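2 protein chains.
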Amino acid sequence: MLEVKRPTLLLNKDISVRNLKHIKKKADLQNVSLRPHFKTHQSTHVGKWYKEEGIEKITVSSVTMAKYFSQDWNNIMIAFPINILEIETLNSITNRCKISLLVDNFSVLDYLDKNLLKRVNIYIKIDVGYKRAGIVYDKFSDIDEIINFCSKSKYLSFKGFVSHFGNTYNSNGKKEIINTYKKSIEKLKVLNDIYPNYEISVGDTPSSSLVDNFPEFISELRPGNFIFYDLFQYSIGSCNINDIAVRMVCPIVSVYRDRGEVLIYGGSVHFSKDFIKNKKNKCFGYAYIYDHIWKEKKRVGYIKSLSQEHGIISVDSVEKYSIGDLLVIIPIHSCLTVDKMGSFFINEKKVLIM
Amino acid sequence: MLEVKRPTLLLNKDISVRNLKHIKKKADLQNVSLRPHFKTHQSTHVGKWYKEEGIEKITVSSVTMAKYFSQDWNNIMIAFPINILEIETLNSITNRCKISLLVDNFSVLDYLDKNLLKRVNIYIKIDVGYKRAGIVYDKFSDIDEIINFCSKSKYLSFKGFVSHFGNTYNSNGKKEIINTYKKSIEKLKVLNDIYPNYEISVGDTPSSSLVDNFPEFISELRPGNFIFYDLFQYSIGSCNINDIAVRMVCPIVSVYRDRGEVLIYGGSVHFSKDFIKNKKNKCFGYAYIYDHIWKEKKRVGYIKSLSQEHGIISVDSVEKYSIGDLLVIIPIHSCLTVDKMGSFFINEKKVLIM
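The listed protein sequences derive, respectively, from chains A and B. In this text, residue positions in the first sequence follow my numbering: the first is 1, and each later residue adds one. In this text, residue positions in the second sequence follow my numbering: the first is 1, and each later residue adds one.
Note that these hints are calculated values from the structure, not bench results. Treat the hints loosely; a few may be bogus.
Heads up, the list lumps identical chains together, so a pair's fine if it works in one copy or across two of them.
[Claimed, not checked] Think about it this way: if two alpha-carbon atoms lie no more than 27 Å apart in a straight line, the pair counts; the simulated DSS-like pairs of lysine-lysine are:
1) 131 x 320
2) 174 x 280
3) 13 x 51
4) 279 x 131
5) 5 x 154
6) 48 x 295
7) 67 x 349
All figures in this text were calculated on a predicted structure; none of them were measured in a lab.
Could you build the full structure based on these sequences and the hints that come with them?
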């Protein structure tokens with residue numbers, strides 16, 4: 001068992017690969033291709049697991065991340081409206097890597113056409129209600145303008161549409177996720193009826209996990225978080241608790257018998273400040289004892305507050321704990337926890353992220 | 001002007017030093033010693049500015065941080081209940097550095113006494129109402145037990161009490177901060193009446209910034225955030241907007257004219273997810289144009305939502321912005337933003353944190 005002295009992030013390969021096989025099998029059965037999002041793990045080490053399952057293309061969320069993964073992958077989508085200030089970095093990888101870019105604004109095309117050195121794929125980011133990024137799905141004149149520009153461009157190959165059903169994250173249970181998914185799909189169907197010859201790529205983790213039958217016009221799935229899942233995904237119904245492949249291990253530094261609480265070394269610089277609601281209280285993670293870390297079923301408490309390095313855990317039987325004991329935490333948001341920690345352990349081997 | 005291509009954190013030395021001089025002068029006038037908390041900047045480069053102002057002792061929040069700063073400082077308080085699992089690291093610095101430890105639990109003393117290699121100072125962490133860490137201020141029997149143990153120990157010199165008025169962070173304006181401070185001070189006075197011969201160290205940024213007259217029994221101040229301040233401190237009344245010494249610069253990657261919003265490359269992996277309320281809405285930072293970055297007074301918008309790499313800014317005149325423009329953001333929580341970014345620029349010089 002790994003000797004832990006300070007907050008340490010552990011990753012379970014078996015669970016991760018099981019999650020991956022599950023989604024891959026579903027995609028294969030449905031004849032939808034899989035382009036998993038790598039922002040969740042940010043690691044070429046973990047990336048190799050996807051290769052072993054036959055994955056050939058990936059999604060990233062920044063040009064920097066595309067450059068990092070281009071050492072191993074030759075088909076990468078940067079699923080973020082392209083930041084033209086990074087054109088040099090982008091041009092440094094288009095030689096060795098087929099790059100797909102997202103645009104949601106006509107004004108960026110001329111710059112790309114004039115400054116790219118190699119041909120890239122262009123996808124239009126489509127907003128089906130999340131209102132973060134994207135052209136609203138029925139703004140056909142805006143869409144036509146982009147397709148027309150690309151058709152005359154030397155460097156821009158228009159390929160299709162990309163959407164992210166971010167609203168599924170606001171769901172309360174499986175039914176709501178499926179409902180949000182269905183509403184979003186209806187809008188994409190309108191789009192597909194007008195533009196039947198282009199690809200349509202979707203793929204938030206909640207709906208990718210729960211939907212079994214995708215309409216034929218969906219060509220690609222891009223979920224990311226599903227590889228590890230986390231307490232947030234569990235709380236909205238995307239996964240079972242046994243599907244979660246990340247744990248933080250934190251030392252107990254004080255015990256407060258009167259309050260039924262223990263203090264751990266582990267705060268917002270380790271976990272991030274995301275929380276779920278546990279009845280009426282904020283919950284920043286579930287706590288378990290360190291023995292049988294991946295099999296332990298019995299929750300012993302939850303993190304009720306976090307500051308920079310402190311976590312306060314409300315525990316069931318406070319008399320059981322001593323300073324120097326370790327507690328295991330299932331974090332709320334695995335992507336941010338991985339990003340904050342910068343490294344994780346897999347079977348006692350330390351892996352650095354990008 | 002620094003060429004910015006991706007989210008970049010800038011730091012203003014003049015403003016920081018002005019903030020430092022202001023607090024140092026106040027402490028000197030009041031005959032209170034200053035032991036600033038270094039978790040805000042985590043940088044030996046910034047640490048030198050404190051030396052130039054005559055600061056001789058510092059506060060940190062972890063053993064790792066103590067080790068990092070022990071290259072430059074020989075008097076360090078680890079203001080976090082000591083994590084006994086890090087005893088080896090601790091012993092590696094007690095030779096070259098006078099270390100002060102916090103305890104709030106009798107059970108840790110025996111371990112320390114048996115495993116330390118050099119004498120350290122011991123302070124009892126006192127809870128005056130924040131309910132995070134500490135022994136409640138009037139639990140005299142618990143306090144006596146610790147003092148008695150230390151009096152017989154070869155390695156533990158009991159020095160006094162440390163408290164953090166974390167409740168001041170929940171204040172709404174200067175009056176409330178002062179009120180919370182006064183209530184906390186009353187409790188420490190009870191403590192001081194019983195134990196008049198020991199030091200009492202306090203020091204959150206809100207009250208350290210606003211209180212001018214400290215009672216005589218307060219021996220030390222330990223604020224940290226005041227060196228940079230941030231939008232949160234401004235929102236509760238700790239500082240003026242001109243006192244804030246940090247800015248994030250982020251590229252605009254899309255413009256949504258219908259919504260009056262722009263999308264920046266800059267998300268929760270850069271800013272953290274702390275927010276303040278802007279009327280009824282969440283606000284993750286104020287936005288300004290990039291010209292005259294430190295002098296710009298006119299706010300042009302605010303970050304209304306953040307995801308991993310995306311920030312949505314509601315702007316006043318959306319037609320003014322183009323993809324590739326830069327926006328300047330005053331972040332909500334400078335400590336977490338610095339920790340997330342891992343580096344900052346001072347006059348175009350890049351500085352890495354620990």
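Within, between, both or neither: residue 13, residue 51 at alpha-carbon 27 Å: within (14 Å within a copy, 48 Å between copies)
Status of residue 320 relative to residue 131 across identical chains (alpha carbons, at most 27 Å): Answer is between: at 21 Å across copies they meet the 27 Å cutoff, but 48 Å inside does not.
Intra- versus inter-copy proximity for residue 295 and residue 48 (alpha-carbon distance at most 27 Å): Intra 25 Å, inter 49 Å, cutoff 27 Å: intra-copy only.
Homo-oligomer pair classification [residue 280, residue 174; C-alpha up to 27 Å]: within (21 Å within a copy, 30 Å between copies)
Identical-chain pair category, residue 67 with residue 349, by Cα at 27 Å: both (25 Å within a copy, 24 Å between copies)
Residue 279 and residue 131: within-copy, between-copy, both or neither at 27 Å Cα: between (29 Å within a copy, 21 Å between copies)
Up to 27 Å CA-CA - residue 154 versus residue 5, copy category: The answer is between: 25 Å across copies meets 27 Å, while 56 Å in one copy does not.
Going down the numbered hints, you'll see the structure goes against none, and every one checks out.
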